[in-house]
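J.: Each chain, letter by letter, is given below.
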Amino acid sequence: MSAAAVHSLWTTAADPISKIDAPKIEYGQLSPTLIIVGAAILGVLIEAFVPRRSRYHAQVFVSVVALCAAFAVVVALAADGYGTTKAHIAAMGAIAVDGPSLFLQGTILLAGLVGLFTFAERRLDPEAHGNRVDSFAAQAASVPGSDSEKAAVKAGFTTTEVFPLLMFAVAGMLVFPSANDLLTLFIALEVFSLPLYLLCALARRKRLMSQEAAVKYFLLGAFASAFTLFGIALLYGYAGSVSYATIAQVVDGTVTDVDPALANTMGNDALLLIGGAMVLMGLLFKVGAVPFHMWTPDVYQGAPTPVTGFMAAATKVAAFGALLRLLYVVLPGLRWDWRPVMWAVAIVTMLGGAIVAITQTDIKRLLAYSSIAHAGFILAGVIATSRDGVSSVLFYLAAYSFVTIGAFAVVTLVRDAGGEATHLSRWAGLGRRSPLVAAVFAVFLLAFAGIPLTSGFAGKFAVFKAAAEGGAGPLVVIGVISSAIAAFFYIRVIVLMFFSEPRPEGPTVAVPSPLTMATIGIGVAVTVVLGVAPQYFLDLANQAGVFVR
Amino acid sequence: MNPVNYLYLAALLFTIGATGVLIRRNAIVVFMCIELMLNACNLAFVTFSRMHGNLDGQIIAFFTMVVAAAEVVVGLAIIVSLFRTRHSASVDDASLMKL
Amino acid sequence: MNAENLIALLIAAPLLGAAVLLVGGRRLDAVGHWVGTLLSAASFVIGVILFADLLGKDAEHRTLTQHLFSWIPVEGFQADVAFRLDQLSMTFVLLITGVGSLIHLYSIGYMEHDERRRRFFGYLNLFLAAMLLLVLADNYLLLYVGWEGVGLASYLLIGFWQHKPSAATAAKKAFLVNRVGDMGLSIAIMLMFTTFGTFAFGPLLGTHAEPGLAGGASEGKLTAIALMLLLAACGKSAQVPLQSWLGDAMEGPTPVSALIHAATMVTAGVYLIVRSAAIFNAAPDAQLVVTVVGAVTLLFGAIVGCAKDDIKKALAGSTMSQIGYMVLAAGLGPIGYVFAIMHLVTHGFFKAGLFLGAGSVMHGMNDEVDMRKYGGLRTYMPVTFITFGLGYLAIIGFPGLSGFFSKDKIIEAAFAKGGTEGWILGGAALLGAAITAYYMTRVMLMTFFGEKRWQPDENGNEPHPHESPRVMTIPMIVLAVGSVFGGAIFGIGDRFLHWLEPVTGHSHGDSPVSALTVTLATVVVLVIGGAIAYAQYGRRPVPAVAPRGSLLTRAARRDLLQDDFNHVVLVRGGEHLTRSLVYVDHTLVDGVVNGTAAGFGGLSGRLRRVQNGFARSYAVSMFGGVALLIAATLLMRAV
Amino acid sequence: MSFPLLTATAVLPAVGAIATAAVPAARRTAAKWLALLVSLATLALAIVVLVRFDPDGDRYQLTESHAWIKAFGVRYELGVDGIAVALVALTALLIPFIILAGWHDADPLETGSRRWRPTQGFFALILAVEAMVIISFEATDVFVFYIFFEAMLIPMYFLIGGFGDRAHEHGEKAAATQRSYAAVKFLLYNLVGGLIMLAAVIGVYVVAGNFSLQEIAQARADGSLHMATSTERWLFLGFFFAFAVKAPLWPLHTWLPNAMGEATAPVAVLITAVVDKVGTFAMLRFCLQLFPEASKWATPVILVLALISIIYGALLAVGQRDIKRLVAYASISHFGFIIMGIFAMTSQGQSGATLYMVNHGISTAALMLVAGFLISRRGSRLIADYGGVQKVAPVLAGTFLIGGLATLSLPGLAPFVSEFLVLVGTFTRYPAIGIIATFGIVLAALYTLVLYQRTMTGPVKAEVAKMPDLRVRELVVVAPLVVLLIFLGVYPKPVTDIVNPAVRQTMSDVHQTDPKPEVEAAK
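Protein chains in written order, with this note's numbering: chain A, 267 to 815; chain B, 214 to 312; chain C, 649 to 1287; chain D, 542 to 1064.
Bear in mind the hints are in silico, worked out from the structure with no lab data behind them. Certain hints may be false.
[Claimed, not checked] Dumping the calculated DSS-like pairs for lysine-lysine here, alpha-carbon to alpha-carbon at most 30 Å:
1. D:1057 to D:1034
2. A:472 to B:311
3. D:837 to C:869
4. D:611 to A:352
Fair warning: this is a prediction, and the values are worked out from it, not measured in the lab.
Work out the full structure: start from the sequences and follow the hints.
T.: Have a look at this one:
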């Protein structure tokens, strides 16, 4: 008999394996993220293969190019109408390409770029053995004060790894607000958190504090993300899916075919509420809302100031983006459950941040608490649950991030022997020493305080207006009161700078390179432009105010 | 056996982990507790996936593991550097910054 | 040319003088005094021309009005700068400009050695302008301007020697007390506006022929208005209870005392009452109050006058009392208006004369004012003696002299009011006459008779009493003539009565006693008063230092304790009030705010302790937070 | 009309401010002259506005309207009515005097860094304030008004905190601390007021959907925009609070004495004569027009507060030991009169109040600037340190007296007219309050004359014996003010003619008519 026939005696042919058809990815629309990730990986390679001398320049070059390119693409996409008409969900429902995500991605990229400039600043610290150094540790691994550290400094090492780390963080942030399912959300969260944990630990001066900051940030961050993850699990259990759309449908009860076997989990509101609360908590932790804010002051103070600035700006933007999407796309059906809770959170955040800030003595901690208060203001806009609410929050975030980065950039300039002189008392009489720097910082403070003709006022007005229209009048009143309280400590700093006598042994103001100058310049420019003529950007935010689902 | 029990187990593990984070001083242990919480999440995912009869949960579990691994890398790096500096892994010793 | 248009010039002339002299600066020092005198004289001339013009008209048409421009035009509120010249204001114009010019002349001599003489004349002119504005204004608001204008001038002139703290204080006191009166005037004006919608004389007071709106209002309103006007009059005319400033006002140079605090300004109150006759006539209660105030003041002033050794203060007391007479008369209504004004004019003559005499005496005695350091001066300064003597006779109402006619009429009128009031008021007036005779005789005797009592002062230069220069004596003589014949000219044949009647109206009351008896009584009491004074100061020598004296005397020396009262009640009380308020403002009002700030600070300090630096406690808060979050969401669903 | 005149009046000083600030450190005098010229040019523009304004024309004239922030429904709308014109003119008039009076106030003592340019800053800030004040007088859009109402705090803040009297009884260090305290107090008070107003502004938008004063007032009038009574009252309170802080009204007044006491005299004038007017002005324009019913509802309370301000301020002025603080409390008393006049809701009261704003500006300027000259000579603000100045510096004393007499509103000087109008206007509707307020004129006499007596009269103190009389520059500052005081006292018609129609409008906004006299004039 034939071989085949023989073979068929003890074998039987399995039916052919059905193919998993390859997922369809809209690379074009995801390219901003992809570019950044690519740049990050390229940065890693540079670390590996490029000689130490030229790493710095190579890294800066790659990062800047990548950021600019990514921003260009974002603009192109927006111009192409993905923000409005062609808004849709890409990558098999993982990524939403719509107005908010594009707007926020643009903001994050710019913030990243501006932040990068401060990362790359190498004129502030006195040259170590003839090598220009930036504000990052010569060698993160070497123990502070040890010989190895001295050697590293002597050898003129610099931690150029910060650039790829920054890139990774940016990449994660880009995905975070546009994530359209909980898994992507979680991954993005981790992708931008982990690099930040590291960056916090890399300060050149005051390394102890820097490391402490990193540890605290890391442990608390991981703790929070664990909660988030469990929340996600519960939501998954509730809806049988992690995709926003599905969950939303289940919440709205539009899903009809519920398998009776799953009845006890599917659509179980306890799961929904608990899970929702836990995911919410993860996001509130990132935006630094009371009572999940406690990491903020310590980390802001300990982290290298450029990192602080970047973190304070970009993290908030990304996190609020995600928060908005979660509340507006996933849980709108749950409005009546989460609104009161968010009210409470917003109130305690506004008041808490403002009040505790009054007695701060360290400029970075002060700004940290002010950022908490601002988170409260933004939350007021989030609560509005209206298109105006979305656009006002978007506008506020854009305005706020530049002010923040600018402010922290100024902080890097005021230095003494021990590095940055962040204790407020050292800032006394700065206005006499170097009126220009003091004036610039005053502008930022006034913007924080929400004085008219600054971006801060426009943003605050937009948010409060949205809130008031959304029926949150009392919230507005409380917001107004707490901004009055907040004004008090911003003014304290101004008084200190301009009206008190300069100390004889006071700090010096370093003359920065064009990089930091650019950062500060951009900050001031944006502050003023958005304050005087915000119309264009408000329109932009307004067009971008619609989520796709 | 009713899969819901696995959920209770997950919740239990999660709580244990959280409690550990709150009460243990040693950074490493705290970190391990966090890992425990993550794994509790994994269990929950898998269980739900089983109940729903779709694979999403199980896939997510893999992602979680990767993330956990990444966290280990970063976390240990930080903790170790802190330990080398202070010669102590106690979380409470790291309290320079306060108020 | 048209007579009306001259009215503004009356005021413009001295105003111009004031402006030129005060702005002109030192380069005018040489001629300043002459400029001032000439301009006031010019004003007098214009006055005379207008007077002639009025005499040319028949009695009913002797009212000229001039409308310059609309001053404060506001919805429903109309105040104009407009003047009214009728018999009443004409009388004042002549008195003011006439006496004023004389006193300017006198001052040229009196202020010769003062380096700030130019400014003095500037102030004098300013006063004339304001006073003329006061009497010529055609509405109460414009009158108010003049009213406070004279107050300002008097403030400046009383305090002319500012380096003397006493002078500065006296000036301030005068202004403040007057301000209280002014308050009355402004409230009166507001009342008029709310009641009548206007405060212009024309529509409000009307004329003899057709009565104005004043009659139309309820009596209560009218009484209120009248009382407020009286308050104003009390302030300006130093009537009880606002009389305290006049005595201190003597700190000013003597010509000032003569012009402002004897002849003209202090009589503005009488003018106000008489001018507002239409209102007072309709408010009998208010009129009664006016008479009471007048009666009280005339006794008060007289008593104070008896005790003063300072010649000017004695005369000040007498002024107060004489104005008391006028106010009393004005309060009597149509019976008394004319005589009030008439006494005002005659008083203007003799009291100014007396003050100038006193000034001349001081001029000769190194500015010594204590009469106990005078004595026997009649030989040293005859002219002063004679003029002063004539003034003296006139004021005590010696038959035939001006004071006799006017005062006698007032006493008659007082009785004519009828009823017990009539008796009481009349009695008071008579008593006042007696006391007047007493204290004036006292002054006369202490100053010009007896033996000389002056000693060299501490730095050894003994005063050499001498007659004053001609520039000073001439005005005194003129005024003396006035005070001798003035009364006769007005009184005989009731010329003055007929002159004023169209404005003020007149009615003969029904006097319980005949005019003759009143006259006799007056003569008798003044003889008695004079006799007593002679017994005390003429027969035996006057001690150079004042004896302790009776309780009343000591009280009278202290102006019957009014100042002590003011000091304790107003000054002390006010100081305590303000001090406590300052404290309140600082601790309470400010404290609340600072307290809130501090409160937030404390709260902040307490809250930041939560941030204790331990990562695990942060974790706890997060854990608690999420627990709350969950609980809250579930709760929301539950409810 | 094509040329944006109103904008120009504000832009000119703004540009001038920038230019002045840009003058290099060495060229101090140049900066001063530049600032002076700019302010004079602004005055010229303001006069043009005054001329172009037709009292009998539309309510708002020389209007400009451009889209600004569509998203907020904000339009850049300017327009002036009689009241605004008067106040714009006042502002533009006073600034040159303020600059001239402060000519040497900002000459640097110690040379800080190369870049430290106090002089340039001082004059630039003054011009900046002028620009913002003027535009807030002209704004007919609530939002535009609010923005500048708030923004002007910042330059004011630096003016108060950055520049003080040269000498100080407790030495320069204490002076610095007190200055910054005063500045912070000023800013916080006004900021809190402003923020509370912000809430109300947003509320207005929520209710009305736009910020245009005219549209809203129109809608209120024809009933197309209905406000719930409680809403209207809350919004009114929000607005009024801010204005009451600015004005300032008892018990929100305590920032003023500190601010005026610590700031240099010209800046003090800037505060009380110019900036604070925005508050009272805004009461007339915004409170009454946007919330007529609520205004009427609140009137009794406000009148009582105003009354307290009058008496209380005067009494505290009597109790002061510090010349500038005394003037400050006097101003509080005067602001009481202004607010009383506004809320008496009679045309006399409101015309009087508007007139009062102008007159108070001039009179306080006269008094305060002369006081400043006095203080700069002796280097002390304490009344007790003076005495007999009249003998050594008669002209200074004379002008000081005139300023004082104006402050106690002597008839014949400008303030009398306004004060009497306010009193009458109040009296016709609230007799009791009118009468009590009249006590204020006695107290005014008290504090003014006591001040004059203690400083100017009496024996000459040794410290003042060498004191020079007014210099030419100072005369140039004071003389015109004195002339104005007299002129407006004798002939206020030009101002009243401009103001009256606007007041008539406001009265009709609040649906009020003057009470009729009992006895109708038989004309």
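J.: Which hints, by number, does the structure contradict?
T.: Result: no hint breaks.
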